[in-house]
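Order-wise, the sequence lines are chains A and B.
Letter by letter, the first sequence follows residues 0 to 91 in numbering that gives the first Met the number 0.
Letter by letter, the second sequence follows residues 0 to 415 in numbering that gives the first Met the number 0.
Check before you lean on any hint, since a few could be wrong.
Straight-line C-alpha distance at most 20 Å; calculated DMTMM-like pairs for lysine to aspartate or glutamate [to be verified]:
1) Lys406/B / Asp153/B
2) Lys244/B / Glu35/A
3) Lys51/B / Glu102/B
4) Lys96/B / Asp387/B
5) Lys244/B / Asp46/A
6) Lys168/B / Asp153/B
7) Lys63/B / Asp153/B
8) Lys349/B / Asp40/A
9) Lys214/B / Asp353/B
Since the hints were made in silico from the structure, they are not lab data.
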Amino acid sequence: MLIPHPLLGLRDAQEFTYLGDANLLNRPDPTAPDAEAAFCDYVFLRDNPAGKHRELWFHEQGDRSWLVVTRDTLTHEISDVELATDVARRGK
Amino acid sequence: MRFSGFRVIKEALTGHKGWGQLWRNPEPKSSYDFIIVGGGGHGLATAYYLAKIYKKSRIAVLEKGWLGSGNIGRNTTIVRSNYMLSGNQPFYEFSMKLWENMEQDLNFNAMMSQRSIINLFHTDGQRDAARRRGNSMHLTGAGGTLLSQDQLRDIAPYLNFDNARFPIKGGLRQERAGTARHDGVAWGYARAADKLGVDIIQNCEVTGFKMENGKVLGVETSRGYIGAKKVGVAVAGSSSRVMSKAGMRLPIESHVLQAFVSEGLKPTLPGVITFGAGHFYVSQSDKGGLVFGGDIDGYNTYAQRGNLPVVEDVIEGGMALMPMLGRARLLRGWGGVMDMSMDGSPIIDKTQTDGLYFNGGWCYGGFKATPASGYVFAHLLATDTPHDVATAFRFDRFARGYVVDEKGVGAQPNLH
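Isolated chain B (complex conformation):
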């Protein structure tokens, strides 16, 4: 089944009876060539690109809950490539290019909406930093414009420009950034991967790895043993838990990040806006709700809920930036568990066990990376060499002193 405008009209006239299921629900086979642990965005994208680009077959995705039940279903849906370092910006720009073509590629409406992101600055020093960041974005073709205060007043007149403590002096805008429908991304990849013969096995928790002489042979699961030549783990949020079953300790702490959404409002925000003087970012969903968030809670946790001091802190940031926010009612808030790595950057690498590969440590930047993460992880699984844009995301970068620390705060995960 292909989605198309013609198809929508045809189904509308015939009572929507011909849509069918988007993916199969197969029983696990006794063995596969490739097992991807984790049926979220990254895992499903990995399976899709393994089959599509690297022409591999006998692939399974194992998911402990239902498809897309982890962080792909709990994020604030922002897509951008406004990083700065040579180790990560080419990767995120590669991801952005995949986003721009995703819906055509997957034949699925992921509601990718390039409405731009504006990072505000409030001091001369921050303006210099924004200009530098913009220049390094241009080096990878990501684009970007430095907006003056006047230009910004035209775009978002309701911002608190004359705040006594943090006056808004302007912003760095990436026009190609925006938001996408998070569930749609998971569903699109699942459907496209399934079509290429990938088995997506839900309610199948990996409980252990079978290894012999330093080589992985398969995985123990809640639905029995499944053999595999190669196993790729993409379970951000549970990385330490899963990899401890393979005897590994990771440079990762798990922290909770809270997000919030207001009642639906008329179109107000032009795109994503981030506060430069505190940690607050906001966008408007297609339903009209203001979607916003801020800092992580700051202590190790696997509970998908946070505490009230951070709620207060986020809302204070919002009120300082955009006082009209105080008139909107909060609809709901939720929390997601983040793999906070020691330098704020992800890890996509082999492990010391042959045939076992790891993808995680996404901090709170995993959603925008979904397509590229899947692509480069598939490359690693298929070829045993890192993809050109992901050579910096190695395990040994910590021991060797090649950390990719965009924020420059060192090995303190709750500060990234």
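Isolated chain A (complex conformation):
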């Protein structure tokens, strides 16, 4: 599997480590009244879709950037890649 890094071009997936669903960027508010339940969902529950999946990959053996990769879990086809910092700054 090759991942099209936005800065470095096509890189072998072996250079990356995988974290999981990109929703992990959306950390719940720890001061909210329902924080305990929200964190339980955040840590343990996943959509785990069959189809398009936005997920976090870490370019550990490369430039050590975090990427948000949109990949189809049925075909492994990658349709979109962004730097996670860009996604986080946009606030979604």
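Chain B: place on chain A using the hints.
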């Protein structure tokens, strides 16, 4: 029809014309008392024990493909009960006892072969951990022996004992562990359940659940609506997909695990051997092929195929452990989709919907659990209370902080 030695001889003399079908192929009825979604090992075992032990009737098993077409047909067939925690080891030992009596119980040759498993250790620290694990196995009667390097050299002289980086210091052996014929297990349970009146309905995909006021009324399927008092879902590999139709998100990610088999060789391996310094396990099938595997690929996927870096990693582990492996030709490799749960342990529990029950999250340990999983799931469906050996496998263990995390890596499914 009962299988027996006498019967085999009789059929041999009369041209094998009297065997007949192993199970019926019935049309679905309009409603059942119990519907089991998933016609794999766990689902079929559940239906069998519901009928046999809990004396229930009007049971159907719905399978979207053909019987046993999921992970029961794609695993590496290892049976063992060498776990450690009080939440899971009694369950796996219960399973092992069911395995030991399965063929007599089902009157079917599942080729259960208790050839032992040896988990190797390579450092003093690993030896201590193996001794501790062995002691906790003895607490549940699972047995186990700590082998020295000399004892191991007698059993498997071809291992790479003097590897410079990972010398083999010994191993923990469970003599009662072994392998079984994976398809035979599914067929045996299907035949025995069918005989007790269970309807096994193939090519019948569940497309939705009908629920009202927090209670399940039945399932929508590709072959029409079927009503049910209770629905048990045992579809490991597709758990998130099926349960999302009931509005549930699960503490599960789907990952692919690859397995491989070599050309047939003369009897070489005494049982299952696992590498302690990398992730590699190997056994020898009855046909002679070396069956082996290692880590999952590590990213979410529903494709039943993996990528090459993991192939390389598995083979490297094999070569480090057993250099003679390099002389065998690889026959084939395949992948299966695993329910990787957040603590590496399964879930067998009620859901928030009345009458809807869930069994899944088996990671890559589902095959050895097949009989016990069916037994305790049947217990839950029949009595609405968890079986004594499966009280730890609840949904709310994550929120309550009672995870059963044997490996201790936390909520990171691809590390389990």
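Now for the hints, and whether the structure bears them out:
For the given pair, lysine 406/B sits about 31 Å from aspartate 153/B by alpha-carbon distance, which is inconsistent with the 20 Å threshold. A hinted pair counts as satisfied when its Cα atoms are at most 20 Å apart, and lysine 244/B with glutamate 35/A does not qualify at roughly 26 Å. Our distance criterion of 20 Å between C-alpha atoms is met by lysine 51/B and glutamate 102/B, whose separation comes to about 15 Å. About 15 Å separates the Cα atoms of lysine 96/B and aspartate 387/B, which keeps this hinted pair within 20 Å; it holds.
For the proposed pair lysine 244/B and aspartate 46/A, the alpha carbon gap of about 12 Å is at most 20 Å, so the pair holds. Between lysine 168/B and aspartate 153/B the alpha-carbon distance is near 13 Å, which keeps this suggested pair within the 20 Å criterion. Using a Cα cut-off of 20 Å, the hinted pair lysine 63/B and aspartate 153/B is violated, with the two alpha carbons roughly 48 Å apart. Of the pairs offered as hints, the one joining lysine 349/B and aspartate 40/A holds, with about 18 Å between alpha carbons and a cut-off of 20 Å not exceeded.
For the hint linking lysine 214/B to aspartate 353/B, the alpha-carbon distance of about 4 Å falls within 20 Å, and the restraint holds.
When the structure is compared with the earlier hints, violations turn up for hints 1, 2, 7 and for no others.
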